[in-house]
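Work the whole structure out from these sequences, hints included.
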Amino acid sequence: MTSLAQESPAADAPPDSRDEATSSDSRSRVAEIAVSHFRNIASLRWKPAPGLNLIVGDNGQGKTNLLEAIHLSLLGRSFRTRREEDCIAWSGADDSELASVTTQIDRPSGPRVHRVALGRGLKRAFIDGVLAPRLASLFEGAAVVTFTPDDVDLFRGAPARRRRFLDQDLCQGSPVYLDSLQRYHKALKQINAVLKRARHGSASDALAQAEAFYPPLAEAGASLMLSRARYLADMHEQLGPTFENLGGTATLELCFDPSLKFEARGAMSAADLAASIAVRLDEQHTESARQGMLAFGPHRDDVRIRLGGRDLSRFGSQGQHRLVALAVKLVAAELLDRGRSTAPVLILDDFGSELDAERRRAVLSNLRGRVQTFVTGTCAEELGSADLFDEVRRIDSGRWAGDPGGR
Amino acid sequence: MANFPEPIENLLEQFIRLPGIGRRGAERLVTHLLNTDADQADRLAGALARLKTDIRPCTRCGNWAESELCRICDDPRRDAARICVVENPVDLYAFESSGAFDGVYHVLGGTLSPLRGITPDELNIDGLERRARTGDVTEVIIATSPTVEGDATAHYLAQILAQAGVEVARIGMGLPLGSSLGYADAGTLKLALEGRRKI
Ligand SMILES: [Zn+2]
Chain A
1 MTSLAQESPA
11 ADAPPDSRDE
21 ATSSDSRSRV
31 AEIAVSHFRN
41 IASLRWKPAP
51 GLNLIVGDNG
61 QGKTNLLEAI
71 HLSLLGRSFR
81 TRREEDCIAW
91 SGADDSELAS
101 VTTQIDRPSG
111 PRVHRVALGR
121 GLKRAFIDGV
131 LAPRLASLFE
141 GAAVVTFTPD
151 DVDLFRGAPA
161 RRRRFLDQDL
171 CQGSPVYLDS
181 LQRYHKALKQ
191 INAVLKRARH
201 GSASDALAQA
211 EAFYPPLAEA
221 GASLMLSRAR
231 YLADMHEQLG
241 PTFENLGGTA
251 TLELCFDPSL
261 KFEARGAMSA
271 ADLAASIAVR
281 LDEQHTESAR
291 QGMLAFGPHR
301 DDVRIRLGGR
311 DLSRFGSQGQ
321 HRLVALAVKL
331 VAAELLDRGR
341 STAPVLILDD
351 FGSELDAERR
361 RAVLSNLRGR
371 VQTFVTGTCA
381 EELGSADLFD
391 EVRRIDSGRW
401 AGDPGGR
Chain B
1 MANFPEPIEN
11 LLEQFIRLPG
21 IGRRGAERLV
31 THLLNTDADQ
41 ADRLAGALAR
51 LKTDIRPCTR
61 CGNWAESELC
71 RICDDPRRDA
81 ARICVVENPV
91 DLYAFESSGA
101 FDGVYHVLGG
111 TLSPLRGITP
121 DELNIDGLER
131 RARTGDVTEV
141 IIATSPTVEG
151 DATAHYLAQI
161 LAQAGVEVAR
171 IGMGLPLGSS
181 LGYADAGTLK
191 LALEGRRKI
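If you read the sequences in order, they're chains A and B.
Okay, so the first sequence: first residue is 1 according to this note's numbering, each after it adds one.
Okay, so the second sequence: first residue is 1 according to this note's numbering, each after it adds one.
Any given hint could be a false lead.
Negatives, chain A to chain B, calculated, CB over 12 angstroms [to be verified]:
| hint | residue |
| --- | --- |
| 1 | Gly-60 |
| 2 | Thr-148 |
| 3 | Leu-188 |
| 4 | Gln-190 |
| 5 | Tyr-214 |
| 6 | Glu-237 |
| 7 | Arg-300 |
| 8 | Arg-304 |
| 9 | Ser-313 |
| 10 | Glu-334 |
| 11 | Ser-365 |
| 12 | Ala-401 |
What the simulated footprint calls covered on chain B by chain A, stretch by stretch (three residues with Cβ under 8 angstroms from a Cβ of chain A suffice, anywhere in the stretch; the number is not a length) [claimed, not checked]:
| hint | segment |
| --- | --- |
| 13 | 20 to 30 |
| 14 | 149 to 156 |
Treat the hints as calculated values from the structure; they're not laboratory data.
Ideal Cβ placement from N, Cα and C applies to all residues, glycine included.
As C-alpha cells, this is what we get:
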C-alpha cells in the first residue's frame with residue numbers, strides 16, 4: 001500500500017499521449033486517463049482505444065470504479081453516489097492525500113485535459129491546469145451517456161428518474177438548457193417559499209410576491225418544455241430502428257407527457273408558451289396557495305413509452321426493460337453526437353445480464369464504428385467474443401492484471 | 001486552544017464578523033497592524049468611526065450620502081424625471097462610471113427573496129412609489145441584476161408603478177446571465193440601458 005501511495009504523484013501528473021499517433025477517427029474521445037486514490041484504485045493509467053473498450057474482472061475488483069472515475073473526470077460528478085467523499089481512498093491521516101482523476105480528451109478542435117480532485121468536503125475541477133470557476137464548465141469539453149444496472153427501472157420507476165435522464169442529456173447538449181433549468185428551480189423554490197407561508201395566513205401579500213416570480217418561472221419553464229418536446233420527438237424517430245437493431249421485436253413509441261399540456265405546433269414560440277404558462281399560474285394561484293406549493297409545471301413532467309402499443313411502465317420483463325433502456329441510451333448518445341462538436345463517450349456498466357447471447361452480440365455490433373465506448377463484464381466470451389472489442393483489459397484489486405485478458 | 005491577550009482576541013472577533021474574513025485572515029490583519037506604526041492604526045480607527053457618523057442613506061434615493069441628499073440628488077443638472085432603480089450603491093456607482101445615464105437613481109437595498117425572508121417591506125419600495133407619484137417623474141428604468149430574483153423584483157415594481165402613471169422599462173439583457181451589475185463593464189451597462197424595453 002505504501003509503495004503504491006508513493007507512486008501517486010506520477011499518476012497525478014497530466015497524462016501525455018501526444019506522442020501517440022492520432023486516430024483516424026475525428027470524434028472526440030478519452031485519449032488517456034490517470035486515476036489516483038479513487039475507491040480501490042490506488043494508481044492506474046490507461047490509454048483506451050478510440051472505439052469499443054472492454055474492462056473485465058471479477059466482482060469487486062474495480063471495473064465500475066474505473067467507469068465512475070472516467071465519468072467523474074469528464075463531467076465533474078459520479079454516476080453512482082452524491083457522497084463523493086466515499087470515493088476517496090484515504091491513505092493515513094493526511095487529508096491532503098486526495099483522490100484525483102485526470103483525463104486527456106482529444107477533440108477535433110484540439111486536446112483538453114480535465115482533472116477532478118476530491119478531498120474532505122471539497123471537489124475541484126481543473127481544465128488544462130486552470131481551476132474551473134464551476135463544475136458545469138467541464139460540460140463545454142466533454143459529454144457522457146451512461147447505462148447502469150439501475151436503468152432497468154428507467155421506465156417503471158418514479159418520474160423523477162426520467163426527468164433526471166432528460167435533464168442530464170439536455171444540459172450536456174445545450175448550455176442554454178442548463179441555464180433555464182437552474183433559473184426554473186430557483187424561481188420554483190422562491191414561489192414555494194411564498195406559498196408555504198401563505199398557507200398559514202397573509203394571503204394577499206403572498207399573492208403579489210408569488211406573482212412576481214411567475215414570469216421568470218414561466219419563461220424558464222417554456223424553454224425547458226420546448227427543448228424536452230423537441231428532444232423526445234427526435235429520440236422517438238430514431239428509437240424504433242435502434243430497438244430493432246438490438247433485436248427488439250415490437251414497436252416502440254416514446255412521447256413527452258408534460259405536466260402542462262400544450263399543443264406542440266411547429267410555430268409555438270417560447271414567448272407564446274411562457275405567456276400561456278403565466279396565465280395558468282395566475283388561474284391556479286388560489287389552488288396552489290391552498291396546497292402550499294406549485295403542484296404543476298416542468299418539475300412534474302414525465303416521459304411515456306409504449307411497447308407494442310402497451311404502456312411499458314405497467315408490464316414488461318426485466319429483459320425487455322433492459323433492452324428498451326439500452327436502446328434509449330444508444331439513441332441519446334447518437335443525438336448528442338449529432339448535436340454538438342464534442343462527441344459523447346458511452347459508458348455501459350454491466351449491460352449484458354438478462355439479455356440472451358444473441359441480443360448481447362447485437363448490442364455490441366451496434367456500438368462498433370460509433371462513439372468511444374466503455375463496457376464492463378466478467379469476461380469477453382460472456383458478452384460475445386473478444387474480436388468485437390478494440391481493447392480488452394482485466395482489472396484485479398484495482399490494478400491492471402499482468403496480461404490483457406480475453407485476447 | 002490558547003487565547004491571545006484580550007485586546008487581540010477582541011479585535012480578531014470583530015474582524016471575523018466581517019464578510020469573507022476567517023480566523024486566519026483576521027490573525028494576519030492583526031499581526032500587520034501590530035507591526036506597523038501607531039499612525040496607521042489611528043487612521044484606520046478614525047476612518048471606521050467616520051464611516052457611520054458621516055455617511056447616511058440619502059433621504060430621497062437611498063444612495064450613500066454625506067448630508068440629507070446624496071451628490072446626485074443634489075445636482076440640479078441631473079434629469080430628475082428619469083429614475084434608474086438599482087439594487088445597491090455599488091451598482092449605482094457602476095452606472096455612474098459608465099457615464100451613460102444623466103437621470104437620478106433609486107436604491108432598493110436588495111432584491112425580493114422569500115426564501116431568505118426578504119419581502120417588499122425589507123426593500124426601499126415605498127420611497128420609490130412616493131417619488132413616482134409626485135408627477136415629476138416620467139420614466140422608471142429598472143436595473144436590477146438579470147437573476148431570477150432581479151427579474152421578479154422588476155415585475156413586482158412594474159405592477160406597483162403601473163398605478164402611478166409612469167412609464168416602466170427594464171434594462172436590456174446584454175448582460176451575462178445571472179451576473180451582478182457591479183462587475184459589468186461600462187460598455188455593457190451602456191448597451192443594457194440603451195436596450196431597455198417597456199414592461
Ligand atoms: Zn440621492
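Results of checking the hints against the structure:
1. Gly-60: With a cut-off of 12 angstroms, A:Gly-60 remains clear of chain B, as the shortest Cβ separation is near 42 angstroms.
2. Thr-148: 32 angstroms, holds
3. Leu-188: Given that some Cβ of chain B is not farther than 12 angstroms from that of A:Leu-188, nearest at about 9 angstroms, it is violated.
4. Gln-190: 5 angstroms, violated
5. Tyr-214: 8 angstroms, violated
6. Glu-237: Given a closest Cβ separation of 31 angstroms, the condition holds.
7. Arg-300: 19 angstroms, holds
8. Arg-304: Holds, since 30 angstroms exceeds 12 angstroms.
9. Ser-313: At roughly 33 angstroms from the nearest Cβ of chain B, A:Ser-313 sits farther out than 12 angstroms, so the non-interface label holds.
10. Glu-334: 29 angstroms, holds
11. Ser-365: 44 angstroms, holds
12. Ala-401: 47 angstroms, holds
13. 20 to 30: violated (count 0)
14. 149 to 156: The restraint on the segment 149 to 156 of chain B holds, since 6 of its residues have a Cβ under 8 angstroms from chain A and three suffice.
Hints 3, 4, 5 and 13, counting from the list given before, are not met by this structure.
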